[in-house]
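Chemist: Listed below, chain by chain, are the residues.
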Amino acid sequence: MLDVKEIDVYYGHAKVLHDVSLSVNQGEMTFVIGRNGAGKTTLLKTICGVRAPGKGSITYDGQEIAGVPAEKVARRGIRMVAQDKRVFGSLTVRGNIELAAYAANESVSKSVDKVVSLYPKLKDLLHLKASSLSGGQREILLIGRALVGEPKLLLIDEPTEGLAVVVIEDIFRILGEMKSRVSAVIVEQNLSIVSRLADRVFIMKEGKIEKTISEKAEIANTRELERYL
Amino acid sequence: MIQTLVQGLTIGGILYFVSVGLSLTFGTMKIVNFAHAAVYCLGIYLFITIMPLVGGMHPLALVIAMAAIVPFAYVVERYVIRRLYGESVDYTIIATYAVLLISTNVIKRVWGVQPQPVADPIGKFLDMGDATISVYRLSIVALAFLVFIGLSLFFSRSVVGKIVVAALDDNEGVRRLGLDVNRYFSIVFMLGSALAVLGGILYAPMTAVQPYMGFTILLLGFAVVIVGGMGNLNGTFFAAIGLGLVMAITGRFWSQAAETMVFIVMGIVLIFKPLETYGTSGK
Amino acid sequence: MSVSIEIPDKPGGAPALGGVIQSMGRDRTLLEMAIMTAVFLALWPVIGQHRVTDFMVFCILVLSFDLLYGYMGRLSFGHVLYYGTGGYMFSVFINYATPNPLLGMVVGIVAAMVVAMAVGLIVSRADGAPFSLTNLAFNQIGVFCALSAFAEWTKGDNGLPSTKMQPVWFLDFLQKPVNFWFSLFWLLLVFYFLKRLTRSPYGLLVRSIKEDESRVRFLGYNTFFYKWLTYVISCTLAGLAGVLITLNYTFVSPHAMDPNSNLDIIFASLLGGAGNLYGAIVGGILYQLIKNFLPMWVSDWEAFLGIVLLILVFNFRKGVTGFVVDRLAGRNAASMQPRGGEAR
Chain A
85 MLDVKEIDVY YGHAKVLHDV SLSVNQGEMT FVIGRNGAGK TTLLKTICGV
135 RAPGKGSITY DGQEIAGVPA EKVARRGIRM VAQDKRVFGS LTVRGNIELA
185 AYAANESVSK SVDKVVSLYP KLKDLLHLKA SSLSGGQREI LLIGRALVGE
235 PKLLLIDEPT EGLAVVVIED IFRILGEMKS RVSAVIVEQN LSIVSRLADR
285 VFIMKEGKIE KTISEKAEIA NTRELERYL
Chain B
10 MIQTLVQGLT IGGILYFVSV GLSLTFGTMK IVNFAHAAVY CLGIYLFITI
60 MPLVGGMHPL ALVIAMAAIV PFAYVVERYV IRRLYGESVD YTIIATYAVL
110 LISTNVIKRV WGVQPQPVAD PIGKFLDMGD ATISVYRLSI VALAFLVFIG
160 LSLFFSRSVV GKIVVAALDD NEGVRRLGLD VNRYFSIVFM LGSALAVLGG
210 ILYAPMTAVQ PYMGFTILLL GFAVVIVGGM GNLNGTFFAA IGLGLVMAIT
260 GRFWSQAAET MVFIVMGIVL IFKPLETYGT SGK
Chain C
11 MSVSIEIPDK PGGAPALGGV IQSMGRDRTL LEMAIMTAVF LALWPVIGQH
61 RVTDFMVFCI LVLSFDLLYG YMGRLSFGHV LYYGTGGYMF SVFINYATPN
111 PLLGMVVGIV AAMVVAMAVG LIVSRADGAP FSLTNLAFNQ IGVFCALSAF
161 AEWTKGDNGL PSTKMQPVWF LDFLQKPVNF WFSLFWLLLV FYFLKRLTRS
211 PYGLLVRSIK EDESRVRFLG YNTFFYKWLT YVISCTLAGL AGVLITLNYT
261 FVSPHAMDPN SNLDIIFASL LGGAGNLYGA IVGGILYQLI KNFLPMWVSD
311 WEAFLGIVLL ILVFNFRKGV TGFVVDRLAG RNAASMQPRG GEAR
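In the order they appear, the protein sequences are chains A, B and C.
Just so we're on the same page, my numbering is the position in the first sequence counted from 1, plus 84.
Just so we're on the same page, my numbering is the position in the second sequence counted from 1, plus 9.
Just so we're on the same page, my numbering is the position in the third sequence counted from 1, plus 10.
Just so you know, these hints were derived from the structure itself, not from any lab.
Honestly, I wouldn't trust all of these hints.
What the hints assert, rightly or not - No more than 20 Å apart at the CA atoms, straight line, and that leaves these computed lysine to aspartate or glutamate pairs for EDC-like:
#1 A:K213 x B:D179
#2 A:K205 x A:E253
#3 B:K39 x B:D136
#4 A:K156 x B:D189
#5 B:K39 x C:E221
#6 A:K295 x A:E90
#7 A:K99 x C:E221
#8 A:K156 x B:E181
#9 A:K99 x C:D336
#10 A:K289 x A:E308
#11 A:K156 x B:D136
Predicted model only: the values in this text are computed from it and were never measured.
Please construct the entire structure, taking both the sequences and the accompanying hints into account.
Modeler: What follows is the structure, encoded as structure tokens:
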């Protein structure tokens, strides 16, 4: 359902992604791993429409989305959770979800219920200002917010980065629950999560996709994956 | 003493009306909008022209002028500011200044350079102790408070308001939800422009209406925004009142220094305020 | 991501400035200076000594502004503050201390420098919009000082004449041609100095700060210091221009610090092409020509200026020099543009 073909992406004069191609089938949960600076975030940002590729194409559900602005891409069912874990700090947790519901034309109560069912502890935090949430709570709020409106493709950038082990397990569980309902491209450094959840793994290095691993056995082998980091 | 206080609050109120638009535009679009002064000035002149057409009814002329300025503001936003989105802030500064130049010239052509007097629409006075306070000025202060409360409610309760607040926190995040932030910024821009015109029309009886009047008030407006924090709506209100009082108090002892004192306060604030929130260097 | 910006390895302290001396090279500077001299000499009989000197001083002003705006990317709306400070301190010195114009000149320049050092500490902490506006605010404060606060000395609105000045050696500034040669001398010197400066590692650093300040900081440089230093140099040169213009007119008034004049400078800089010295000179001359002669034909001067500014901002960002350079480089310029970027 997502087909990225040979895209080049530039920051000013600097070429950051070279001829990158990958594809995601319906219901697949794919992961992108690689060293810092490999271009993983840029890749996600280009797919979701925040950046435009200099050349190449990105097809989603049969339609070309390369260069289409982020808000239009989002309305077609692609959601992204960014690396910086930034929430709408001045709004309450409920307010954050409310905006997502408004944007997706879903009823607020339905959205709130959906997010709370993902992570029941969020129920007690609904009335708090989102800026007061911890890193882990924010990530969960962001993932929940992204799931409002039944998106078909989720792009998540380093969900477990900087989080405590307990919270990582929570996120692992949430991602596991999402697994068949939504297709995903997830950037992760935590290989334990990658090996347990991935249907396919893309390995990025210096702006290129170095290798794609689809074999279950290979993916489950964390030691092998480590070689690529 | 009371006279000075009321004067300060009145000026503060006017500054607030003018600065809200600037603060929002700073905060949402990260730009300096010199054309705000053009909108301000044009609105006042429109008001003066409309007044005799509605039989001198001040409030009616006020509302019509505010409404009439909105299309002009829209054109400026859509065809000048939005075209320079994401580019260096400098270009928007220069481009909006260019709009101000053109509009000032047009105003001079149409209405002439002579100052136009505008009368106090209420013309009544209260006796408070040994001071005579103009009811008109009190009503300005009251209106400022009302608008402040209204805006606070708008931004905390309405969806549009919340979207704008969210965009101030995380512009990209709002876009990635599927919302076209530009459209909301446009709404905010027009709202800010209408409020500036309100401030200008209210101020008109207390000052000389001439084609260059937008310039000074604009500088003061910027000072308010810097002191109060860009995009910080509460801050804008308190900064406006505060600086209004500074002007009134300074004016009492050394009248020409009133404006300069505002800039000095701004300079002092800049020395102490954390500057990470400012600046748009290449981001 | 792998991006490379060439920044010199950070040495200890601030010896990037030492690189200025090392960058002495063989280039066309002498030729360029000769051409400039020829241009101004040619203009002299056409528009008169007084005006030509004006043009040259204005070019110095635009050059100083371009260092700050074109090279370092910071737009100041209060540059004429220093122009006025130079002029006023010169005049005040002439009138109340000694009528020695060279000493007065030193006083004027040093005064501008000192003010720049102080204000620079405040404004260098800001960027973008707050930077522009804070400078404008200080400009206003300066106007206020000249107009009211120190009116006893500056004679407020009436302005301060400096006709009292006495000849020094062979320099009698009351003789008009002396002004021409003196200003030309300083223009060439400033041009040479800035050329060296911008070609040196320091200049590269300044341009890098414009591109991406945080990266430069990560390399270990104290960007605040360089921002401040550039500000001081730029404003001191503006002070020099202020002194020169006062010598030419033997008069200074608060009008010298009129904030609207900042726009003249910005316009000239954009028109000629920001970020290169030739652009500053070309823009300076062109703008002055336009400003002096066009109002004779166009009565709505301000609207005209505004419209041209808009056209410049939207279509001719790089100004005259940029346009010429692109043309000379042929179609290659266009095909080298990187495609893609922020999706709107």
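Chemist: Can the restraint linking A:K289 and A:E308 be considered satisfied, given a maximum Cα separation of 20 Å?
Modeler: holds (16 Å)
Chemist: A:K156 and B:D189: Cα distance at most 20 Å?
Modeler: Within the cut-off at roughly 8 Å; holds.
Chemist: Between the alpha carbons of A:K99 and C:E221, is the straight-line distance 20 Å or under?
Modeler: holds (16 Å)
Chemist: Just to be careful, I want the Cα atoms of A:K156 and B:D136 compared with a cutoff of 20 Å; is the pair within it?
Modeler: Judged against 20 Å, a Cα distance of about 61 Å means the pair is violated.
Chemist: Given the hint that A:K156 pairs with B:E181, does the C-alpha gap stay at or below 20 Å?
Modeler: Satisfied, since the Cα-Cα distance of roughly 13 Å is no more than 20 Å.
Chemist: Given the hint that A:K295 pairs with A:E90, test it: the Cα-Cα distance must not exceed 20 Å.
Modeler: It holds: about 14 Å lies between the C-alpha atoms, which stays within 20 Å.
Chemist: Take the C-alpha atoms of B:K39 and C:E221, compute the straight-line distance between them, and say whether it is at most 20 Å.
Modeler: holds (18 Å)
Chemist: Just to be careful, I want the Cα atoms of A:K205 and A:E253 compared with a cutoff of 20 Å; is the pair within it?
Modeler: holds (14 Å)
Chemist: Decide if the proposed pair is consistent with the structure: A:K213 and B:D179, CA atoms, cutoff 20 Å inclusive.
Modeler: Within the cut-off at roughly 15 Å; holds.
Chemist: Given the proposed pairing of A:K99 with C:D336, does the C-alpha separation stay at or below 20 Å?
Modeler: Violated. A:K99 to C:D336 sits at ~23 Å, over the 20 Å cutoff.
Chemist: Is B:K39 close enough to B:D136, meaning Cα to Cα at most 20 Å?
Modeler: violated (45 Å)
Hint compliance for this structure: hints 3, 9 and 11 are broken, all remaining hints hold.
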